[in-house]
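J.: Chain by chain, the residues:
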Amino acid sequence: MSKKKYDFNQSEAQQQLNNFFKGNRSKLNSFGKTVNQTFEAYVFAEVIKWYKSRGWSVKIINPKIGEKEYFYLKFNTRGKPSNYSYALCQKDSEQCQIRHNLRVNIKKHFKKRANICCDISIINNLDLNNYSSDDAIDNVHLKSFGEVKHMSGFAELLASFIGLVHELQPNNLKRIRIKNKKEENHISPFLFLSGILYPTANGIRDSIKRRKYNVDVYYVGSSLNS
Amino acid sequence: MLDNAPKYITDRYYSINKYVWQDLFTDEKKNQYFNLRKTKSEKLKLMKSLRKISQEASLALFVFYLNQFFKSGTNAAINAVDIFSELSVPGFKLGKKVFANRNENVLEGETLSKDLIDSIKDPILKNLIVNSTYPSEILNKYKYLFDEAIVESYE
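Chains as they are written, first to last, in our numbering: chain H, 1 to 226; chain D, 1 to 155.
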């Protein structure tokens, strides 16, 4: 391979890129403001699809404004849960809710406020109408959760996710995924990335698999529903 | 180049730049470079050449990632509206932006991707971006050039 084959004119390319940024400034700003939340909406939808594909019936429950219902996802850590939509799932006699940005107490929660706002949470079918923006559901009601990041994965991010699992559902950090283990009724705690896994992050993911932890890491090219 | 780019894009550029240099100039390459029996000015010339290769790789990778980022925005929006529509939910709202069917907001990323590719006039760069599926495909091409530059300097 000769050098000339990949020797493009850098300064011309940079000028062309600058023109692109200049000519698309408002579109770029508009896109940038919503791209992360769009990705969250996508993952929320994928979790619904996961449950549907395993025989759960799914119904969207929307908040009412006056007599009308509106579909609102919770793209902020602030806000009363009752003001936002959620998915109500049912299979046989079991029911659960798929919620967006809900506060959940950590497993070892004592008197002081110690909760995490989960991007995606799967919880028992609770009545959250009287929950304020700061209230958190008790950890015992948490079936699973997901962390969504619109970025590529670096090692510290995966380690930090394991920290989340440790606080919320430490029982998943054991040798659970052994041979012949039956698939769980609920989705396992997951980290969902829109980008690639950098090499050391890939190493951590590999280590997690070898330790048979009951968690998943998804990244570009992989899917909750593949 | 980045004067008119929003912060979320400039941040990505700086992290890619650093990542590419670290990926190309490995410890092994550093040893080869420092052990070269060359004068100081010859070594500086080689370093300048290596930096140029790295900058080209960074630029190519940056455009590649940007393109993927725009396209993934539309892919995510499409998947979300399609799954919601199966549940009789016509779309979702983010502030004042409504995402439904294949409206302008859903296709915003795809439009930006198209405009980005159209703005690149150099056929070599355009070919690299459009015909690569993974960033490693681009990086490996430049790793070869990088190694070649060091090997050639032994001659």
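Since the hints were made in silico from the structure, they are not lab data.
Keep in mind that the hints are not guaranteed to be accurate.
Going by beta-carbon spacing under 8 Å, a handful of chain H positions derived as facing chain D [unchecked claim]:
1) F8
2) Q10
3) R25
4) S26
5) S57
6) P63
7) I65
8) Y219
Here are some chain H residues the structure puts well away from chain D; computed CB gaps all over 10 Å [as the list claims (entries may be wrong)]:
9) Q14
10) Q16
11) G32
12) A45
13) E46
14) V58
15) S82
16) D138
17) V140
18) L157
19) N172
20) N214
From the three backbone atoms N, C-alpha and C, an ideal C-beta is built for every residue, glycine too.
J.: Now tell me if each hint is right for this structure.
T.: Hint-by-hint comparison with the structure:
1. F8: Since the shortest Cβ distance to chain D is 4 Å, the answer is holds.
2. Q10: Hint on Q10/H: holds, closest Cβ of chain D at ~6 Å, below 8 Å.
3. R25: 6 Å, holds
4. S26: 10 Å, violated
5. S57: 10 Å, violated
6. P63: 13 Å, violated
7. I65: At 13 Å from the nearest chain D Cβ, I65/H fails the 8 Å test, so the hint is violated.
8. Y219: 11 Å, violated
9. Q14: Incorrect as stated: the minimum Cβ-Cβ distance to chain D is 4 Å, not above 10 Å.
10. Q16: 5 Å, violated
11. G32: For G32/H, whose nearest Cβ neighbour in chain D is about 5 Å away, the distance does not exceed 10 Å, so it is violated.
12. A45: Violated, because the least Cβ-Cβ distance between A45/H and chain D comes to about 4 Å, which does not exceed 10 Å.
13. E46: It is violated; E46/H is separated from chain D by about 7 Å at its closest Cβ, not greater than 10 Å.
14. V58: Non-interface label on V58/H violated, nearest chain D Cβ at 6 Å vs cutoff 10 Å.
15. S82: At about 18 Å from chain D, S82/H clears the 10 Å cut-off, so the statement holds.
16. D138: D138/H is indeed farther than 10 Å from all Cβ atoms of chain D, at 28 Å.
17. V140: Given a closest Cβ separation of 28 Å, the condition holds.
18. L157: 13 Å, holds
19. N172: Non-interface label on N172/H holds, nearest chain D Cβ at 26 Å vs cutoff 10 Å.
20. N214: Holds, because the least Cβ-Cβ distance between N214/H and chain D comes to about 25 Å, which exceeds 10 Å.
Comparing the model with each earlier hint shows violations of hints 4, 5, 6, 7, 8, 9, 10, 11, 12, 13, 14; every other hint is respected.
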